[in-house]
Amino acid sequence: MCADAVKEPQPHSSPRMEEEDTSMKVEDDNIAEVRKFECQECGEILNSRSKFIQHSLSHRGVAVFCCQNCEQLFYCEKQLEQHISLHNKQDRYECKLCGKQFTRESNLDRHTKIHSGRKDFACETCGKAFTRKSDLQQHSNIHLDSKKYKCNECGKAFAQRGNLARHLLNIHPGANQHRCDECGMMFTSKSDLNRHVKIHTIARGYNCDVCGKTFNLHSSFKRHMNIHTQEKQYKCSMCEKIFNHKNNLTKHLNTHTGEQQYRCEVCGKTLYSRSDLMRHTNIHTREKEYKCDECGKIFYAKGDLTRHTNIHTQARIHACEECGRTFTHRSSFKQHMNIHTRAEQFSCDECDKVFYQKASLVKHKNIHAGIKYTCDECDKQFNEKSHLKRHKNVHSKTVK
1 MCADAVKEPQ
11 PHSSPRMEEE
21 DTSMKVEDDN
31 IAEVRKFECQ
41 ECGEILNSRS
51 KFIQHSLSHR
61 GVAVFCCQNC
71 EQLFYCEKQL
81 EQHISLHNKQ
91 DRYECKLCGK
101 QFTRESNLDR
111 HTKIHSGRKD
121 FACETCGKAF
131 TRKSDLQQHS
141 NIHLDSKKYK
151 CNECGKAFAQ
161 RGNLARHLLN
171 IHPGANQHRC
181 DECGMMFTSK
191 SDLNRHVKIH
201 TIARGYNCDV
211 CGKTFNLHSS
221 FKRHMNIHTQ
231 EKQYKCSMCE
241 KIFNHKNNLT
251 KHLNTHTGEQ
261 QYRCEVCGKT
271 LYSRSDLMRH
281 TNIHTREKEY
291 KCDECGKIFY
301 AKGDLTRHTN
311 IHTQARIHAC
321 EECGRTFTHR
331 SSFKQHMNIH
341 TRAEQFSCDE
351 CDKVFYQKAS
361 LVKHKNIHAG
371 IKYTCDECDK
381 QFNEKSHLKR
391 HKNVHSKTVK
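Numbering (full-length UniProt numbering), first residue to last: 1 to 400.
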């Protein structure tokens, strides 16, 4: 994400919502009540709860507005609108060295410094120089004395409350001591909990403070919150793997017992419920399509559509402090972090080669098992399915 486009808000108290009941007179003297939500942080009035939640998250440093053209995230709707206007502009500024195009001449000027090697922005504290001003600003946080939000667990300090909250959630998940009696969500301070509780007292139903989803039933809300809090409750007695939902554990147990196996007649994949098999076969038959309402992209598995819609609807709240990558799901974030920490290793039984992601080990084992993916056009074989897909592009280009 471009640091120039999105500026993170300064530390402040969480915004509050006040409902203002007004009335509008119509010609037949009927009165229609209009609910309005006023942000106590900046005074802006919004006419729906969903817009209020999105607006509130922008004050808390959560980027919730996504550009459908390039998937860049923004903290507020106005920033997104300004950004989209850049896509719509006809004038383009092209770099003569690499051909990259820009909508602003100033952006092209900054880009050309990469080729020239010029570093005009130097840190006054340590002297390190940078090509872009945004990189210098990000670097300067290392020397800031204004980091007043300190982690009580490890002593690391942060300039903003939101960064401390993300750090505690990702690095010290057990440090959250203040639990909400309504939804079970944990907070690092009593004041944060008090601000959160107001959502339950004001909003109708059960409102997720993380992503803004609303539920009518408390039980449904608690199940949803497991996605954010990772309170996994169902453990497999055979391999100790843990699941959020009981039905996921039931399906998993079939992998040990071998019961109720359903095999796909097209590709041979084994599934452990009839419903899973029906959803899977749709990938081959393509009888049913799942279309994204936001961008029109089509999927042939409902789960793929659900994961895709996160691009449009969910904020990426799990940020890697090592490389800056952000993730929507905590599970993906934890898998990624293992690349840096190397806390968990996956070793090949055949050759003792070590991997830091389980998926990489599974792909590697295909080499020993002799599993090959054969091209229908030229009979060339590959160890990985992804390599075969890339290879098929050679034939499709030839046909064109």
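By construction, these hints were calculated from the structure, which means they are not laboratory data. Take these hints with a grain of salt, some might be off.
[Stated by the list, open to error] Keeping only pairs whose Cα atoms sit at most 20 angstroms apart, straight-line, the calculated EDC-like set for lysine to aspartate or glutamate is:
1. Lys363 with Glu350
2. Lys113 with Asp135
3. Lys246 with Asp276
[Unchecked claim] Label pairs and their calculated CB-CB ranges:
4. Ala319 with Lys36: 27 to 37 angstroms
5. Lys119 with Lys36: 45 to 55 angstroms
6. Gly268 with Asn247: 22 to 32 angstroms
7. Glu77 with Glu350: 32 to 42 angstroms
8. Ala129 with Ile367: 22 to 32 angstroms
Here a beta-carbon is modelled for each residue, glycine too, at the ideal position from N, C-alpha and C.
Which hints from the list above does the structure break, by number from lowest to highest? 7, 8
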